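> With the hints as constraints, model all of the structure from the sequences given.
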Amino acid sequence: MGRFVIRRLLQAIPVLLGTTFLIFAIVYALPGDPIQALAGERRVDPILAATLREQFHLNDPLIVRYGYYLRDIVSGNFGTTFRGLPVSTIFEGKFAVTLKLATTALLFEAVIGIGLGLWAALRRGRWEDKAILAFTLLLVSIPTLVSGFVLQLVLGVQLKTSLGIAFFPVAGVQDGIRSYLLPGFVLATVSIAYLTRLTRTSLMETLRADYVRTAVAKGMPRSRVLGRHALRNSLIPLVTYLGADLGALMGGAVITETIFNLPGIGQQLFTSVYLRENPVVVGIVTVLVLIYIVANLVVDLLYAVLDPRIRYE
Amino acid sequence: MKNPSIDTHPPADEVAQEPLLVVDNLHVEFATRQGVVRAVNGVSYTVNAGESLAVLGESGSGKSVTAQAIMGILDMPPARIPKGEVRFRGTDVLQLSEQARGQIRGQRIAMIFQDALSALNPVFTVGWQIGEMFRVHRGMSRRDANNKAVELMDRVRIPAARQRVNDYPHQFSGGMRQRIMIAMAIALDPEVLIADEPTTALDVTVQAQIMDLLAELQRESNMGLILITHDLGVVADVADKIAVMYAGRIVEHALVHDIYKNPAHPYSKGLLDSIPRVDMKGQELYAIKGLPPNLLNMPPGCAFHPRCPYGRPNCVTDVPPLYEISGTRGSACHYYREVLDGTVQ
Ligand SMILES: Nc1ncnc2c1ncn2[C@@H]1O[C@H](COP(=O)(O)OP(=O)(O)O)[C@@H](O)[C@H]1O
Ligand code: SF4
Ligand SMILES: [Mg+2]
Numbered sequence: 000m001g002r003f004v005i006r007r008l009l010q011a012i013p014v015l016l017g018t019t020f021l022i023f024a025i026v027y028a029l030p031g032d033p034i035q036a037l038a039g040e041r042r043v044d045p046i047l048a049a050t051l052r053e054q055f056h057l058n059d060p061l062i063v064r065y066g067y068y069l070r071d072i073v074s075g076n077f078g079t080t081f082r083g084l085p086v087s088t089i090f091e092g093k094f095a096v097t098l099k100l101a102t103t104a105l106l107f108e109a110v111i112g113i114g115l116g117l118w119a120a121l122r123r124g125r126w127e128d129k130a131i132l133a134f135t136l137l138l139v140s141i142p143t144l145v146s147g148f149v150l151q152l153v154l155g156v157q158l159k160t161s162l163g164i165a166f167f168p169v170a171g172v173q174d175g176i177r178s179y180l181l182p183g184f185v186l187a188t189v190s191i192a193y194l195t196r197l198t199r200t201s202l203m204e205t206l207r208a209d210y211v212r213t214a215v216a217k218g219m220p221r222s223r224v225l226g227r228h229a230l231r232n233s234l235i236p237l238v239t240y241l242g243a244d245l246g247a248l249m250g251g252a253v254i255t256e257t258i259f260n261l262p263g264i265g266q267q268l269f270t271s272v273y274l275r276e277n278p279v280v281v282g283i284v285t286v287l288v289l290i291y292i293v294a295n296l297v298v299d300l301l302y303a304v305l306d307p308r309i310r311y312e
Numbered sequence: 000m001k002n003p004s005i006d007t008h009p010p011a012d013e014v015a016q017e018p019l020l021v022v023d024n025l026h027v028e029f030a031t032r033q034g035v036v037r038a039v040n041g042v043s044y045t046v047n048a049g050e051s052l053a054v055l056g057e058s059g060s061g062k063s064v065t066a067q068a069i070m071g072i073l074d075m076p077p078a079r080i081p082k083g084e085v086r087f088r089g090t091d092v093l094q095l096s097e098q099a100r101g102q103i104r105g106q107r108i109a110m111i112f113q114d115a116l117s118a119l120n121p122v123f124t125v126g127w128q129i130g131e132m133f134r135v136h137r138g139m140s141r142r143d144a145n146n147k148a149v150e151l152m153d154r155v156r157i158p159a160a161r162q163r164v165n166d167y168p169h170q171f172s173g174g175m176r177q178r179i180m181i182a183m184a185i186a187l188d189p190e191v192l193i194a195d196e197p198t199t200a201l202d203v204t205v206q207a208q209i210m211d212l213l214a215e216l217q218r219e220s221n222m223g224l225i226l227i228t229h230d231l232g233v234v235a236d237v238a239d240k241i242a243v244m245y246a247g248r249i250v251e252h253a254l255v256h257d258i259y260k261n262p263a264h265p266y267s268k269g270l271l272d273s274i275p276r277v278d279m280k281g282q283e284l285y286a287i288k289g290l291p292p293n294l295l296n297m298p299p300g301c302a303f304h305p306r307c308p309y310g311r312p313n314c315v316t317d318v319p320p321l322y323e324i325s326g327t328r329g330s331a332c333h334y335y336r337e338v339l340d341g342t343v344q
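Chains as they are written, first to last, in numbering that gives the first Met the number 0: chain B, 0 to 312; chain Y, 0 to 344.
I should point out that these hints are in silico values taken from the structure, not numbers from a laboratory. Any given hint could be a false lead.
Far from chain Y, by Cβ distances over 12 Å, these chain B residues were calculated [unchecked claim]:
#1 Leu98
#2 Ala109
#3 Tyr193
#4 Arg196
#5 Thr213
#6 Ala216
#7 Gly246
Quick list of simulated restraints, FRET-style, between CB atoms [what the hints assert, rightly or not]:
#8 Ser220/Y - Arg308/B: 54 to 62 Å
#9 Val315/Y - Lys129/B: 26 to 34 Å
#10 Phe134/B - Arg142/Y: 19 to 27 Å
#11 Phe148/B - Arg32/Y: 43 to 51 Å
#12 Phe148/B - Arg142/Y: 33 to 41 Å
#13 Leu230/B - Pro77/Y: 21 to 29 Å
#14 Phe148/B - Ser140/Y: 51 to 59 Å
Please read these numbers as outputs of a predicted model, since none were measured by experiment. Yeah, the Cβ is synthetic: ideal placement off N, Cα and C, and Gly gets one too.
Shown next, in the form of structure tokens:
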């Protein structure tokens, strides 16, 4: 197991280098002059522009600039914005907000998605199964924009005005974990639907497996056949999905953060792209990629914990 | 009401009357989209303590479904048992409550399957899987159960059992995995062991070793053994008697040496003729022509008639009953006498 962890960690290094370079190259290939963007419509003094270009290494070849960038990442400040602030200060608190949001969504997804999926599989073909299927179809067909505003209105506003229950804050992050419940659920809706279907399929497939029949033939009680012999095997594909989804949820947080006015990284990314603040954009995307890679690493390790065939390869 | 639990030590006269396990006129059908599949149509066989019964037949003839009905591991629905009895020590287990059956399944009637790799759970160690029998059914501690697992692995002759008890199924060879399945099945000293094609997935030398092991374990423990196979060559040395199945029916049952010497059903004869034999080296192997019938659409009369080289006009219309030839022998062929005499062409 130790060797497996080290191997996976080493394998993450080239992935990290490759992806950061790609992001770096793509963002800098975008048209437009960032120095001009600083000044807006006004004309920029050519001498000042030349100095700034020198200072931000804009005249160096891409690969050299990438080298400087790597140095900044390692030093932890992710470079300096064209306005002179360390990029890391712009991150401050924002990644935490988005990470909390995405984690809340992931928890909703895991609990509701896996729960409903298992239930549907066990009641296969009966009305519960059909109702759950209909519910998942409903979830995927309502856009986040709609479900977000509706839930905000019903649970955030009307619950308070009509019944006096102010449990769900309408916006902002002043109420701690409660602030994340509504946006977390909204962010999770589509994933809940997918995970429900995936769980249902996975458990049904596992229940057909020969080793489940063996467990029954050994005289094991049904609860044990399901809970020990089938469940663990059917969880394996779900772990992969959940791990990959953490990255997707963080990337997809822009709309949810806007609806619920959460000061997260999604909002910041949107603003920075708009303002052509390339160092910030690259910084944010780099951290997102880092999170994604770490999540994948955790998935691989969990996978190895759940499935000994991987561990002993 | 009578207590549905089964006495381990029935009165002596009852033992004399009733064999250990009796399958009596068993019918199993499956509801499918295409219609009702009648997989088992009135199968009867018996197994005594210390006796080996080989159940022989082509793939799809209902051997496994019969075994699964005995074990009570069929999914119902889609399966249904419209008729028949499975008497274990005189009690029809099909009438028992699920709870009472759970006391028999795995503990008193155990089963091993064809493909040990898929039949063992990939995410638990073999020791855990063998030990589970003791932990769940005997309430043993983890440690004691693990020691029992090592003992059993020794008993089925897995080398270095103590070192290997915490390995996973995929770390063993095919033959060793089947030994682990066997260890798990005999863990609680079952009175009946059903082995469903236990060697089909293995190569020939390993097949013989597994058969020898099963025969030896049976001698030691005096259990009744049901050996399911589609390969008569595999069981010849181990089995006492044979039941030949075709399209969900027993078409012939006999003592092994009787059927070897002289089969009483054209289908058994075809199966025997298709075994490679040393004294027939160089000659072309016989193969039964045609395919088994579609269970959704069974031919009228004798189900074997489309493939039977002896077919007569009445075979197409009259279903042959299982004619009793002697106390130990029966054949479901109208012309079994002629088949035995070799007078039919
Ligand atoms: N779950 C099922 N649903 C429908 N048909 C089945 C099912 N299980 C078995 N059968 C049918 O029952 C017949 C007998 O199967 P089986 O007992 O497995 O044959 P074998 O003699 O090869 O062990 C086959 O034709 C198979 O198609
Ligand atoms: S009853 Fe007729 S068709 Fe059937 S096996 Fe005998 S001879 Fe052949
Ligand atoms: Mg079979």
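> Among all the numbered hints in the text so far, which are the ones the structure does not match?
5, 6, 8, 9, 10, 12
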